[in-house]
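There are 4 protein chains.
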Amino acid sequence: MILILSENTDVVSEEYRQLLETLSALPGIKHRVHHVAGAERGVTEIYLIGNTKALEVEDMRSLPCVDKVVRVSQEYRVLGRHKGDDRPSYFDYKGVRFGQDTLHVFAGLCAVDTPEHVEMMLRALRDAGQVCTRMGAYKPRTSPYAFQGHGKDCLPYVFELAGKYGIKVIAMEVTHETHVDEIRAALAQTGDPTGVMLQIGTRNTQNFELLKAVGRQREFPVLIKRGFGITLDESLNAAEYLASEGNQRVVFGLRGMKTNMGDPHRNLVDFSHVPVVRRLTRMPVCVDPSHSVGSRSVGPDGILDVMHVTAQGVLAGANMVLVDFHPVPSKALVDGPQALLLSELAMFLDDVRLAREAYLKRVASVHQHALAHT
Amino acid sequence: MILILSENTDVVSEEYRQLLETLSALPGIKHRVHHVAGAERGVTEIYLIGNTKALEVEDMRSLPCVDKVVRVSQEYRVLGRHKGDDRPSYFDYKGVRFGQDTLHVFAGLCAVDTPEHVEMMLRALRDAGQVCTRMGAYKPRTSPYAFQGHGKDCLPYVFELAGKYGIKVIAMEVTHETHVDEIRAALAQTGDPTGVMLQIGTRNTQNFELLKAVGRQREFPVLIKRGFGITLDESLNAAEYLASEGNQRVVFGLRGMKTNMGDPHRNLVDFSHVPVVRRLTRMPVCVDPSHSVGSRSVGPDGILDVMHVTAQGVLAGANMVLVDFHPVPSKALVDGPQALLLSELAMFLDDVRLAREAYLKRVASVHQHALAHT
Amino acid sequence: MILILSENTDVVSEEYRQLLETLSALPGIKHRVHHVAGAERGVTEIYLIGNTKALEVEDMRSLPCVDKVVRVSQEYRVLGRHKGDDRPSYFDYKGVRFGQDTLHVFAGLCAVDTPEHVEMMLRALRDAGQVCTRMGAYKPRTSPYAFQGHGKDCLPYVFELAGKYGIKVIAMEVTHETHVDEIRAALAQTGDPTGVMLQIGTRNTQNFELLKAVGRQREFPVLIKRGFGITLDESLNAAEYLASEGNQRVVFGLRGMKTNMGDPHRNLVDFSHVPVVRRLTRMPVCVDPSHSVGSRSVGPDGILDVMHVTAQGVLAGANMVLVDFHPVPSKALVDGPQALLLSELAMFLDDVRLAREAYLKRVASVHQHALAHT
Amino acid sequence: MILILSENTDVVSEEYRQLLETLSALPGIKHRVHHVAGAERGVTEIYLIGNTKALEVEDMRSLPCVDKVVRVSQEYRVLGRHKGDDRPSYFDYKGVRFGQDTLHVFAGLCAVDTPEHVEMMLRALRDAGQVCTRMGAYKPRTSPYAFQGHGKDCLPYVFELAGKYGIKVIAMEVTHETHVDEIRAALAQTGDPTGVMLQIGTRNTQNFELLKAVGRQREFPVLIKRGFGITLDESLNAAEYLASEGNQRVVFGLRGMKTNMGDPHRNLVDFSHVPVVRRLTRMPVCVDPSHSVGSRSVGPDGILDVMHVTAQGVLAGANMVLVDFHPVPSKALVDGPQALLLSELAMFLDDVRLAREAYLKRVASVHQHALAHT
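Chains as they are written, first to last, in the numbering used here: chain A, 2 to 375; chain B, 2 to 375; chain C, 2 to 375; chain D, 2 to 375.
If we strip away everything but chain A, and leave its shape as in the complex, we get (with noise of 0.2 Å):
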């Protein structure tokens, strides 16, 4: 069970004593305090755990500081739709809103490799008019005598020209708890020139104890990605340690998922599931084309497998996408064979927002529809 607290709870008011005195008396329960960061000044959340069914909800709600009581199902406590639930399905960072509500293109470097990569691609995508982006700093590799990624050396110059073109967001993925130091560090030692969303590989959406350490920061949002070889029920749980660890600002990643069915893409694309986690949860939920497709192959009518399957996200209401561009694919350290070139942003961009009109005419043609049906 979850009490939601009204706007103006003063946490050190006699009321805010009462309550959580009351909490501690009830039988069997347990009580854990979130301040949860929202658009304005954030909100206090209070979670209930353990014999919360003897509870009820209208006795919950006339306790002090109390505005709304969620009742939650098993799982997803936190991140969860759940009935009655009108908690917000978005987030604010350095100026921009990620919700269910809103699309934001991440196109970038898989794997930074040298500062003029990375200058070349910001300044595409300033050009392009973007202010999010990509960049892989720490690379998990199947093989440990593969390249593992310039780690914090490339990041004072990978925060710097973000800076310098505008960049507000930039995924980097992380696979231990350090780097979020490093990270938090570069950025100070930079002047915090812009932000950064942490991002859980599908190598780690089990990891435990990075998911725990990353959702104890508040600091920066974290996207996690699906697991590729695990349920996507699994998976949700996974980005449920985030949020039960107090850090709330999540997306979810679809990246296409292993099966036996020689694939004729890397994976398995599985954007259908983007209702799927936008019906069972509160996340912004994000493509990512590149690693599901991995190649760079045409269909008869010209366009891209990459851009088709990004297409066919947003078409859905896919909320961000992760793609990956380079300035000179043949000379990528990971993953070149499936990058965009710069030259191809535009199209892509035109691409993704002809899909996103469509998605929006589609809603609205819907309601249309169930209105005249009342």
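Hints listed in this document are in silico derivations from the structure and should not be mistaken for laboratory results.
Fair warning: there could be bad hints in the mix.
The list makes no distinction among identical chains, and a pair is therefore deemed to hold if it is satisfied within one copy or across any two copies.
Simulated crosslink set (EDC-like; lysine to aspartate or glutamate; CA at most 20 Å straight-line) [claimed, not checked]:
#, residue 1, residue 2
1, 69, 22
2, 54, 302
3, 153, 117
4, 362, 345
5, 153, 182
6, 84, 302
Once you have looked at the hints, place chains B, C and D on chain A.
Just chains B, C and D now, with coordinates in the frame of chain A:
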């Protein structure tokens, strides 16, 4: 290697006799003649099988009656899209064109139950301007004790009602070669009021004897669905069984796959393969959202998942949609829970239309960008 | 519900007539009579289908001619192992007993190529004291352009040679009902020198029309293999199609499954399901190590993987082994790389024997421990 | 390329200095020194990384201190079994030898709950002559709200009781590098009464940062389990992460895989891979029947499925068995339903013994046949 003969080739001419004589004399080469029913009077193709590497394309083109020569790669010889191959990617049937450039919706009953329901369905389709439908008479079921469809008994009234409501093509699954005879007989008995596209279901994708039997007849076009537990490549080879026996009027259907992911839908939707099938072969591509999704789940945007995935398929260039409707889903004998209501038909068709419009805009946009770069 | 009649039931007696009359009068119940070929004179079973919950076991047992009554659970009605069900888990054919308590090796050619190779194979089997073999005449192949087997042309010499070398049962795949007629005709023509166990391959596991046709004949027992891309439950239901048409002499074959694991073998070996099939049904269980493993890889202990997995299946209670041998694997037309050599036959049979001995010791040990505890 | 130095190499000798100098001068080659703890005084290995194709094996062998040279294939450089590679496939720890030629059973509690249960378990093991066990203190769980193990709090009594009952090695999962410190501290605090084999669970198989941390310490050997949703090759590469950091005392664990087959067991048992891992690498192979099977199902022969699959693994050469027991399964906090009873311990160990005996007989039989052929 395929020799495509001139359109005006007379198979009782001296030239044609000479051609066959020459081919018979080629060492290590067998040939097989196919008359392909095309848009107008059809064309004749001769497949050369064996050590064709030793043959020169130029030599073959200089033979009498030969118009074009296609050197095929190993797989999907007949249906594949080979280098320098400009054979058509469409066919006509009952005045309807099925091609990689058209789109038709086949809404209808998964399983025929009563004449009343069939009539309600067909009337709604006529009122919505549709000329295609799906009607299941022969139902393969996992358990031998489940309802197996009304079989040939329902064919007369299904065909008569189709004629009454202006339906030109009915997609209908067959699971044994005798079903084709039964369909032919019922059409003859009722005066050929409509056309039938034979459907090979996912359990029979590798029932090669059935494929060969259905491939040998040229009367009915065939929709073959991918096997839900085999690779795309294996399924495309199965389609080739139809063509290798002479029937090239083949549509390939995607219908979701079985995965290990505890999929939130009945199957994992595989419509990201639409552009792949269009690239590898010249077959029109059908999507079956009903069997992929298997439920009436709705997203927070009010759009059914069945509609979301349909739109995703169409946005990537799908040419045919097979979708379950039912006047009274609760009374449906098979797969009722996934059926749409007749009252949702207009909304569904509008949604398909929006996705198709978006697809055409995407193609135009990509071509414009390509032109700007040259 | 199954009524098992007394062994001496005379189907032209007055009592039997009365029984059928009573059953016909039961509201909401249909009945179907099956004469099951058993060890001696066979028994008669009557299946009651419909609302059998309303019937009392005692009432049914009191009807004339009825010896036992089995209330079956929903699935695998005929072949399943139901509560209180002591129907036999074996059958006899050509003097060989196939049961959950026996073990037979069917070594032989995956695909018949020449009479010489067939004879070399059969002579080696006779010399090793074997009376069963596998011989492939009809080969379903992924591509329509691959070798499809010699079909009926090779049957006469295969059967005659089998007779010459004392082979009693040949496992032989069929992919169309006409193949059964061809086999019957070839046996008649050659004077019935041997027996045939019809084999349903993995691509036809859900070819229900073929299963029904093969289930309607009672002459030949049937080996049905699990589908490599469907669930075990679906495959067991497919076996039930055979039995529901009357043929209960069914062996169930495990042959590996397709997975997403980039399996080091051709398929993922599923012989851990041997005890599961034995628990759920009364069918003898066959394992096919050759198609599961698909190679001649050898471990550091000098034992072929094909032998390791065979031994694993036998150690868990398998009752039949289907294994590919070939006198000259490099000349085999199908699956040569996985075939064992004739010079390895004695080693293979010794290995199977050691695994079988270990299985019997394990059963004895567990029973002894169980006794000690009571 | 790996240079294996002579056993008596003195790392402060002039010769050794010369060797390193020579290696440093090789263009395009880096080297890394590893001291491998072996049976007696250990050996020193030097890994050459980079363009080793340009180096001749003979040239390298002629360098001072070098005893053997192994040219490794690309993958599994350290742990792999390379051509002409006779490095040992075993290691010793706490007086117990873990190798491809030994077998040890690690029966114990999936999750430690109370000191009483731990003591009951350990006493039973001592009485059965066992010196190894498994004890779970840190439990990664799908949901953040499930019991996560007692963690470091239970370590002191677990270690003390182990010492009391003569247990030499406890397999214990760790999910964060700090757990290793906690284990080290608790051992020191209790006077090092026992040894610990660190266990990497299936969710962390590709948690490369954890692998690197555990690979850097040489105190504890490591059991790494295959990832249940990745390929065997990816899992073996993960094991190589441990070795590439210096810890070569690695056991590889099979524990079943997630498939799309609606598996009748919790996971699809993959013990057919035992000989594969033994062929590709020099690691001892562990099987985990409890997590593969996940239930206490019994076959018609009275043998538990858990026992059947254990025996299958051992029959193919497995070197270690990890199996869940519990004094009172109904009170187990994690995975109770799959645990065996203490009263079943003797039966289980007898069954393992029978399978091991059969394995050894099989090896002898195959060698005898091989000799007869030469």
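Results of checking the hints against the structure:
Taking CA atoms no more than 20 Å apart as the test, residue 69 paired with residue 22 passes inside one copy only; the shortest distance there is 19 Å, against 69 Å between copies. Neither within a single protomer nor between protomers do residue 54 and residue 302 lie at most 20 Å apart by alpha-carbon distance, with minima of 57 Å and 31 Å respectively. In this assembly of identical chains, residue 153 and residue 117 lie within 20 Å of each other by CA distance solely inside one copy; the values are 17 Å within and 48 Å between copies. When the C-alpha separation of residue 362 and residue 345 is checked against a cutoff of 20 Å, the pair qualifies only between copies, where the shortest distance is 17 Å, while the shortest distance within a copy is 26 Å.
Taking identical chains as interchangeable, the C-alpha atoms of residue 153 and residue 182 lie at most 20 Å apart only when both belong to the same chain, with a minimum of 10 Å there against 26 Å between chains. In this assembly of identical chains, residue 84 and residue 302 lie within 20 Å of each other by CA distance solely across copies; the values are 16 Å between and 44 Å within a copy.
Violated hints amount to a single one, hint 2; each of the other numbered hints is respected by the structure.
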